[in-house]
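Trainee: Below, each chain spelled out in residue letters.
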Amino acid sequence: MKYNYWFILVIIILVGCKKNKHQVQASISNVPDALVTAVYPEQNILPENILKFYIQFSEPMREGDFLKHIQLLDSKGTNLKGVFFDNLYELWTTDHKQLTILVDPGRVKTGLRQNIKQGRAFTVDENYTLTIDKTWKTISGKYLSKTYTKKFTIKEEDVEPPSIKDVVISKIKVDSKTPIILTFNEVMDVFQLKYYVRVISNNTILKGKFKVFDKGKTMQFTPENRWKEDNYQLQIDVRLEDIAANSFAGKFDQAISEAKNFQQKGYVYKKISIE
Amino acid sequence: MQCINKNLIKMKKVIKISFALTLLIIVISCNKKDNITTDKHIAINAETKTELSVIKSVNVLEFGLNNVLFVGDSHAGAIIAYETKANENNQKGQAYNLNDFDKNIEELLGIQSDELIIRDLAVHPESNEAYIAISYIYGSKYIPAIIIANQSGKTRLMDLSSKHTKLKLQKSDVEDFMFYDNFKGKNLTITDLDYHKGKLYVSGLSNQDFASTLRVVDYPFTGRSSISSVEIFHAMHGQNETRAPIRSLTVVDLEGKDYLLATYTCTPLVTIPIDELVDGAQVKGKTIGDVGYGNTPIDMLKYVGQDMQKNEFEVVLLTNKNQAANVLPVAGINEANKGEGLTKFQGFGSFGFQGFKAPLAGISHVAEQDGYHILGIRRDFDSGDLQLVSFMKNLYMRISDFQSEYEMPGYTYSKEQGWVKDLQNMMKKDEGFSSEVVE
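Sequence order for the protein chains is A and B.
All letters in the first sequence, in the order written, are residues 11 to 285 by my numbering.
All letters in the second sequence, in the order written, are residues 29 to 467 by my numbering.
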């Protein structure tokens, strides 16, 4: 009997400690597994002068040394160094769920020192694997649950800037909310599409919902209110780029003498017809 | 025998009591630690929660006139100007020798060093206290904070709700297009800002457009900012580079005319006449030098330096991520600016104007501390410890970073080496090693 109170004391103390530990474990385990949910551009055939990749995560991720977690392998499995821009300022969205990684622009643009010395980062007809390793930590302290891989093949460079002439727009059905479909003749930057494309009427932006399809080649716009007999126009900010960063303001790798052939600021427009 | 039994019983009691006390102490300390950590986090979080409407991130720091601290807030796309007061600092003028600064931060915030990102560093012009912009992890978020530290290692958090004015840098595209969906993807990263004669020069980088934005902003804020699109001509580029983002900048006076001295990645030095930076202008910058490829510039500081004969001259210090720092005498910048600049491919080395190298490397950020010191924040190569340490201007090194033959027992300085001994003694005193001074 004389040991009972010691025994009870020890049990209480241990339970107390265990409860704390358990609470901590519970709070960590409540955090869902983190994953790479997508890498953009989504297609598996990319131009030699691709400039940007967007990596999306299911959870907010930690900053710092992002290049430690990203590898680019060629078809022989060689880990290629010096492809991505070692950016002092990591380009995260504010929620820390999307990171923009740039291919070193010095290698994309012809005539720059890196480009002359090392050439383009990618080789035409070569197959590559982009891996995002699972040692990357979320802000809450978990690791990615698995390594993500994206395989792609490189094709010829894209040095054709997009043109408003090549954008095909379906016709409007008056008195309906039937969406219109916009089709580009190439894949565009899916995130810029969300900012740089609008439908206007008499200089007023129409409210509605956009959706992006076909990996960035097609958009659908559903108006909030019914279409009327009106003058509708598609308005595109000239900054809108394709995946090789050619924009409506000209190609990415552009000589100053060529710049005058393109509108450098503002918007380009195209009339939207009524059915 | 009875006596032995009594002693045994006594000993058992002592052991039992000791055991119980030990258990109690363990549990209390265990709970106490949790509570301290939690309470501290909650306190700081509660404090910053109210700040979040004021400031969403702290990315770039710059002191202007009258102790105004400009804070570049990338997440909000805004500049916040705080009217700071000079705290009393008895150690003003002394060097910072905080070789294990992680511990100071850990004590202040209750976080581990890997839960912390150093964003920038500035020094209060009057008190000489260090202002360190950080993000630290709380739950699943990064919380912005500015830590203020002095030479003794005493730290406190800056009150981010203190008196301030704020300028939102032009209405962002994000706001224009929010009705499309809830995607908040576009983000302007402020890469540098410099205050000069009532204006702020702000360089930025977007996560979606690979573009250079250079904003010129009046201070006190009028709510107006101008955006200049600046074209530069890279040394090796057969074409015009119109969209490279500026990484670091400062203003220099070249023969009575103000110029922006800007650096870009890989690492051209470009002069841009300030009077041409009007809203919407496309200004041609002049590439006066290229300090090395495969390098990312970090900070530019402008101050008055000295040579060995104590002649004073204005310099710009450029620190780099991948190579030693460059000391750029303004007189040299001026001479280089008189020429046509670099206009064609010249090889793979460093060329054009590049000043001279200084052995400052591996430093996250630097700021001018006082007339004698540059303050730097860095991680020690071997230990990984965060260090807040001063470097003497013109020497650009810390003697305690090196082990040389001078330190060997019995080393005797020759007569000709008197000046070396004097310099080393000066640095030893500055770095807190007065006992190592050689008479």
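Worth flagging that the hints you see were computed from the coordinates, not collected in a lab.
Even for Gly, the Cβ is constructed at its ideal location relative to N, Cα and C.
Take the hints with a grain of salt, since some may be wrong.
Claimed, not checked - Here are some chain A residues pointing at chain B (derived, C-beta under 10 Å): (1) 48; (2) 69; (3) 72; (4) 87; (5) 88; (6) 89; (7) 98; (8) 129; (9) 159; (10) 163; (11) 166.
As the list claims (entries may be wrong) - Think about it this way: if two alpha-carbon atoms lie no more than 20 Å apart in a straight line, the pair counts; the simulated SDA-like pairs of lysine to any residue are: (12) B:312 to A:219; (13) A:144 to A:228; (14) A:165 to A:275; (15) A:107 to A:160; (16) B:194 to B:249; (17) B:131 to B:104; (18) A:78 to B:84; (19) A:280 to A:139; (20) B:120 to B:182; (21) A:107 to B:341; (22) B:285 to B:390; (23) B:196 to B:104; (24) A:152 to B:435; (25) A:160 to A:211; (26) B:169 to A:225; (27) A:275 to B:312; (28) B:169 to A:50; (29) A:107 to A:58; (30) B:349 to A:272; (31) A:107 to B:390; (32) B:84 to A:143; (33) A:91 to B:349; (34) A:91 to A:43; (35) B:169 to A:276; (36) A:78 to B:390; (37) A:78 to B:349; (38) B:349 to B:389; (39) A:78 to B:166; (40) A:280 to A:220.
Trainee: Now, for every hint given, state plainly whether the structure supports it.
Mentor: Going through the hints against the structure:
no., hint, verdict
1, 48, "13 Å, violated"
2, 69, "7 Å, holds"
3, 72, "8 Å, holds"
4, 87, "24 Å, violated"
5, 88, "19 Å, violated"
6, 89, "17 Å, violated"
7, 98, "5 Å, holds"
8, 129, "13 Å, violated"
9, 159, "23 Å, violated"
10, 163, "24 Å, violated"
11, 166, "20 Å, violated"
12, B:312 to A:219, "41 Å, violated"
13, A:144 to A:228, "33 Å, violated"
14, A:165 to A:275, "30 Å, violated"
15, A:107 to A:160, "18 Å, holds"
16, B:194 to B:249, "7 Å, holds"
17, B:131 to B:104, "30 Å, violated"
18, A:78 to B:84, "27 Å, violated"
19, A:280 to A:139, "39 Å, violated"
20, B:120 to B:182, "13 Å, holds"
21, A:107 to B:341, "48 Å, violated"
22, B:285 to B:390, "34 Å, violated"
23, B:196 to B:104, "8 Å, holds"
24, A:152 to B:435, "46 Å, violated"
25, A:160 to A:211, "41 Å, violated"
26, B:169 to A:225, "30 Å, violated"
27, A:275 to B:312, "17 Å, holds"
28, B:169 to A:50, "24 Å, violated"
29, A:107 to A:58, "27 Å, violated"
30, B:349 to A:272, "37 Å, violated"
31, A:107 to B:390, "29 Å, violated"
32, B:84 to A:143, "29 Å, violated"
33, A:91 to B:349, "17 Å, holds"
34, A:91 to A:43, "29 Å, violated"
35, B:169 to A:276, "36 Å, violated"
36, A:78 to B:390, "18 Å, holds"
37, A:78 to B:349, "16 Å, holds"
38, B:349 to B:389, "7 Å, holds"
39, A:78 to B:166, "23 Å, violated"
40, A:280 to A:220, "17 Å, holds"
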